[in-house]
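Kindly produce the complete structure, drawing on both the sequences and the hints.
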Amino acid sequence: MARRAEIIFRADHFATRLTFMVHRPRRAQGRPCPWFEAAHYTPPRPRLARPGLRAVWRVEEGRAEYLFTSLEELAHFQAVWGQRVLPRPRQLAQAHGMAAVNGVWLSRMAKPNWPRRQAFLRWLARHDAPFRALMAELAV
Numbered sequence: 404m405a406r407r408a409e410i411i412f413r414a415d416h417f418a419t420r421l422t423f424m425v426h427r428p429r430r431a432q433g434r435p436c437p438w439f440e441a442a443h444y445t446p447p448r449p450r451l452a453r454p455g456l457r458a459v460w461r462v463e464e465g466r467a468e469y470l471f472t473s474l475e476e477l478a479h480f481q482a483v484w485g486q487r488v489l490p491r492p493r494q495l496a497q498a499h500g501m502a503a504v505n506g507v508w509l510s511r512m513a514k515p516n517w518p519r520r521q522a523f524l525r526w527l528a529r530h531d532a533p534f535r536a537l538m539a540e541l542a543v
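Per this note's numbering, residue 404 is the first one in the sequence shown, and the count goes up by one each step.
A hint or two may mislead.
Stated by the list, open to error - DEER-style ranges, computed between Cβ atoms:
#, residue 1, residue 2, range
1, I411, T445, 23 to 29 angstroms
2, D415, A528, 25 to 31 angstroms
3, Q497, E409, 17 to 23 angstroms
4, A431, P518, 43 to 49 angstroms
5, D415, T445, 16 to 22 angstroms
6, R525, H416, 32 to 38 angstroms
Quick caveat, the hints were computed from the structure, so don't treat them as lab data. Even for Gly, the Cβ is constructed at its ideal location relative to N, Cα and C.
Below is the structure:
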């Protein structure tokens, strides 16, 4: 299976399906709010890599594409993908206080079998150093 990874840059407002689940929007007073009204996020999103541009780690595995904009997103993906039996999207949504099941990243992707997921996670662990270094520089 052909795999490759690269760091790309997208517009400031860019967000992946993982972003919506991991970085929960908050008002200035700390209360939850809709994504477009957020003053900040919990946990915080990394700073912009360049003026107006957000760093995105793009990983391809065959025809599948995975996008990560923070280490928290990567950790969440690894935690879920590393389970022998994947949780249902509804379970993930409820665990993160989300109402929309279709917004859960797991509901929108092919789910390879356990050995293939394990091999992919090992590959990610061996190739994530450049992304981790960049995210350390951009930490808020």
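Right, here's what the structure says about each hint:
no., hint, result
1, I411 - T445: 23 to 29 angstroms, "holds (26 angstroms)"
2, D415 - A528: 25 to 31 angstroms, "holds (29 angstroms)"
3, Q497 - E409: 17 to 23 angstroms, "violated (34 angstroms)"
4, A431 - P518: 43 to 49 angstroms, "holds (47 angstroms)"
5, D415 - T445: 16 to 22 angstroms, "holds (19 angstroms)"
6, R525 - H416: 32 to 38 angstroms, "holds (33 angstroms)"
Comparing the model with each earlier hint shows a violation of hint 3 alone; every other hint is respected.
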